[in-house]
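Peer 1: Residue numbers (numbering that gives the first Met the number 0), protein chains in the order written: chain A, 0 to 246; chain B, 0 to 587.
The set of hints was computed from the structure by calculation and includes no laboratory data. Glycine is no exception: its CB is placed at the ideal position from the N, C-alpha and C atoms. It cannot be assumed that every hint is accurate.
Derived list of chain A stretches under chain B, where covered just means 3 residues or more per stretch with a C-beta under 8 Å from a C-beta of chain B [claimed, not checked]:
(1) 126-133
(2) 182-190
(3) 213-219
Here are the simulated lysine to aspartate or glutamate pairs, DMTMM-like style, with alpha carbons at most 20 Å apart [stated by the list, open to error]:
(4) B:LYS169 x A:GLU152
(5) A:LYS122 x B:GLU436
(6) A:LYS110 x B:GLU136
(7) A:LYS209 x A:GLU133
(8) A:LYS110 x B:GLU439
(9) A:LYS110 x B:ASP317
(10) A:LYS122 x B:GLU439
(11) A:LYS110 x B:GLU337
(12) A:LYS209 x B:GLU439
(13) A:LYS110 x A:GLU178
(14) B:LYS392 x B:GLU280
(15) A:LYS165 x A:GLU178
Sample of chain B residues facing chain A (criterion: CB under 8 Å; computed from the structure) [unchecked claim]:
(16) PHE67
(17) ALA124
(18) PHE426
(19) ALA429
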Amino acid sequence: MKRRFIKKDGIHRRLEGWPLVFTVLTTIAILVGGLVEFLPLILVKGSVDKIATVEPWTPLELEGRDIYIAEGCNTCHSQMVRPFRHEIERYGEYSKAGETVYERPFLWGSKRTGPDLARVGGKYPHLWHVRHMENPRSTSPNSIMPPYPHMLENDLDLSDLPTKLKRLRMLGTPYSDDEVQNAIEIAREEAEAIAREVEAQGGPEGLETKQIVAIVAYLQRLGTDIQTTSTAGSGASSAPEDVNASR
Amino acid sequence: MAHAQTTSAPGTRSTGRSNIEIFSYDEQITRLFVYATILWGFIGMSVGALIALQLPFPEANIGEYLTFGRLRPLHTNAVIFAFAGNAIFAATYYSTQRLCKARMFSDWMSQVHFWGWQGIIVAAALTLPLGMTTSKEYAELEWPIDIAIAVIWIIFAVNFFGTLYKRREKHIYVALWFYIATIVTVAVLHVGNSLAIPVSLTKSYPIYAGVQDALVQWWYGHNAVAFFLTTPFLGLMYYFMPKAAQRPVFSYRLSIVHFWSLIFIYIWAGPHHLQYTALPEWAGTLGMLFSIMLWMPSWGGMINGLFTLRGAWHKLRDSVVLKMFVVGITFYGMSTFEGPMLSVKSVNALSHYTDWTIGHVHSGALGWNGFMTFGMIYWLLPRLWRTTLWSKKLATAHFWFGLIGILMYVISMYVSGITQGLMWRAFDEAGRLMYPEFIETVTQVVPMYWVRLIGGLLYLGGVVMLMVNAWMTIRSAPKELPDPAYAAPVAPVHSGGDGRPGAAPASGDGTEERKDDLVEVAPSEAADASAASGSDAPGTKKPDGPGTKKPEGPGTKNAQGPGTKKPDGPGTKKPDGPPSLRETDDED
Ligand code: HEM
Ligand code: HEM
């Protein structure tokens, strides 16, 4: 059989005379693997365990997330704590699938030039982040992170926010009508609150219209949804890997 | 008439004698892609060197738009889609025409493909520093550019398959199988991973979220490696390696087995990029198993490439092209051994997120993609421009600079990656993290970042040598470079039956060259021939039996007189058909 197929005048030889058939067979060959992997994950409902406390991003956080994407912070920072003891020790509770249901796109990253940020929310005061973004070496000597002083100067552009929320709602993120319509006002209020706190901590004034407040809002939210869950001891620990078994 | 430009001549003409037609290959399109490859290679790797500097020396992050986070995607897009992309298009356009014994289906589509692709690259180079990105690795470009990519890719596909349709060679050679797999799969991957809902011209949200988005992205990302950086380069290898070595490919059988198993298995391996993440565990395990299985078909390709040189290893000494190919294929073998190893969960637990991945990437990228491309360019330069290579010494220097550069790059990243991995997981006797401050693990590897930078600069220096060599070679080219014309018996192979008369391959192996059915004619003669309505096309050399020597290429004759030596070894005649696929294990 094998002989007949690949001999120099065998079946494969004839196939080489029919590029169309050859192309069709190639297409089938490359589709099989992908389909087998996707279909369960996309069709089977509940393939991702929902976690009750995980909520969509607020408008300002969403804006900060989009700045994070635009700056390419994900090229140096992962957001995916693996279920190893050393990672849990270093970063906190390992990441769960259910935490990422509103992540469009996912930002797990593939490189840790800097530390994982999945649990960075609440780790530092707002002002620390402002100083750190302005010049990382002011808070972390020897840091190799790029400075982002322009974030303290560039105005925050909120004009796309209502469309963003609307599109995300189309895709299934449960934003209310109120949030979609008043997205800009909500974001302004959030920005105001952060800017006041920065001032209270002795930081620069008037940041409420700047990009930095959006980034701070986003960073401070990261990983905090689940922290409440794990202390409440709810059934969020649905991860595949046994924590203790990891080396 | 006699000075008619064949570049503007239609691909095929009837000569009046019903069973002979004159056609030519479009060489200008290959020249354009070669130019673009060299230029973008230089730019993309300069950006690589800049980000390599920014890591140990953050002061090199200049202003708002040229920070590491914005330039890294620019580097990856420029080297993958501009440098490697233009290289595989050059290879495809050069070899497909010859393997099909037909001009490209449409010169117009070839031009649209070329300029469209360059436009896409320029758009990428502008939008990425401006922060317009989807953040998905190797698919960072926003939706309007994604649509442009899809359109240009479809034009390429139509042009390619159109050429297959009008081919004069019944059987498609193994290089073409790999091109077919590339074109089909890249289209599927690109569309599948780019599905998104636009918010504005420069921003969109993907239709997948979280775990699904991750799975789709790495189905794409891994297979971008597979079908953009591997299969087209295997096609390149299968055409240019036998050409340069003047030996038939090692094993026809092996090429069949490794082709089908490679393309089938590759698709499954994507989840190895997501080991120990929130992806369901079965998917990661599946990815790991298929990655290990992938080792064999990958090495099948390596063996077929390297053993093409069996009994002719001495040719390595004199030929830069072969040196480059052999090192390139060897690095392919190394990175496809390392890859399966990295996908094993316990190894990935250490290597993931570290510089080890970066070392793996660049052993493939600099060794395999880079060196195969350079080898091809050094082979093409004298042929496309009908002259001799300006400096063989400089080319040899490029080889050594490149090789030392790769080694410094890769070894420094292994050291740094393993150091990071071990420091992150180290506990002291009291069971506390040995290095609780992340920054300690950063400063530890900064010296390695400097070594990497030096390696990268050496490699880049090699590219500059290539630029100089190409520039000087092209300067010495004849002013006019008309496409050489060929005569072939009429009867397209797809018209049914067994193809044209005389198509039955003498050895039962149609991919080997048949010297008796394709005759090169001078372009002016071709023009005359088509004009002459008389019975005997003037100047068309008739085959006088098997084993006829081909006439020298017309351009060569004009430029340097008869008997010009081909650059790749003294006095060798280069057949222009497909490389022979006669294999040693075929005796039974
Ligand atoms: C002068 C030569 C080059 C230098 C100095 C260079 C440098 C770099 C640097 C510094 C990074 C970022 C690593 C990190 O984030 O830690 C990188 C990433 C990358 N480079 Fe290069 N590069 C070079 C050539 C190439 C070539 C020729 C290719 C491909 C054909 C390539 C493909 C990539 C890819 C795919 C990545 C992303 C790796 C990942 O995400 O894991 N590079 N390069
Ligand atoms: C048998 C073949 C191969 C296998 C099984 C394989 C496997 C892997 C694995 C396990 C990773 C690490 C994923 C992670 O931990 O994040 C990886 C990364 C990578 N490999 Fe390979 N590899 C193979 C061949 C190649 C070749 C030939 C290239 C050519 C350039 C290549 C390019 C890359 C790139 C660009 C990445 C980085 C992806 C990213 O994180 O951005 N691989 N590969």
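Peer 1: It remains to establish, for every hint, whether it holds in the given structure.
Peer 2: Taking the hints in turn, this is what the structure says about them:
no., hint, result
1, 126-133, "violated (count 0)"
2, 182-190, "violated (count 0)"
3, 213-219, "violated (count 0)"
4, B:LYS169 x A:GLU152, "violated, 66 Å"
5, A:LYS122 x B:GLU436, "holds, 14 Å"
6, A:LYS110 x B:GLU136, "holds, 11 Å"
7, A:LYS209 x A:GLU133, "holds, 12 Å"
8, A:LYS110 x B:GLU439, "holds, 17 Å"
9, A:LYS110 x B:ASP317, "violated, 42 Å"
10, A:LYS122 x B:GLU439, "holds, 19 Å"
11, A:LYS110 x B:GLU337, "holds, 18 Å"
12, A:LYS209 x B:GLU439, "violated, 32 Å"
13, A:LYS110 x A:GLU178, "violated, 35 Å"
14, B:LYS392 x B:GLU280, "violated, 53 Å"
15, A:LYS165 x A:GLU178, "holds, 9 Å"
16, PHE67, "holds, 5 Å"
17, ALA124, "violated, 15 Å"
18, PHE426, "holds, 7 Å"
19, ALA429, "violated, 12 Å"
Of the numbered hints stated above, those contradicted by the structure are hints 1, 2, 3, 4, 9, 12, 13, 14, 17 and 19, listed in ascending order.
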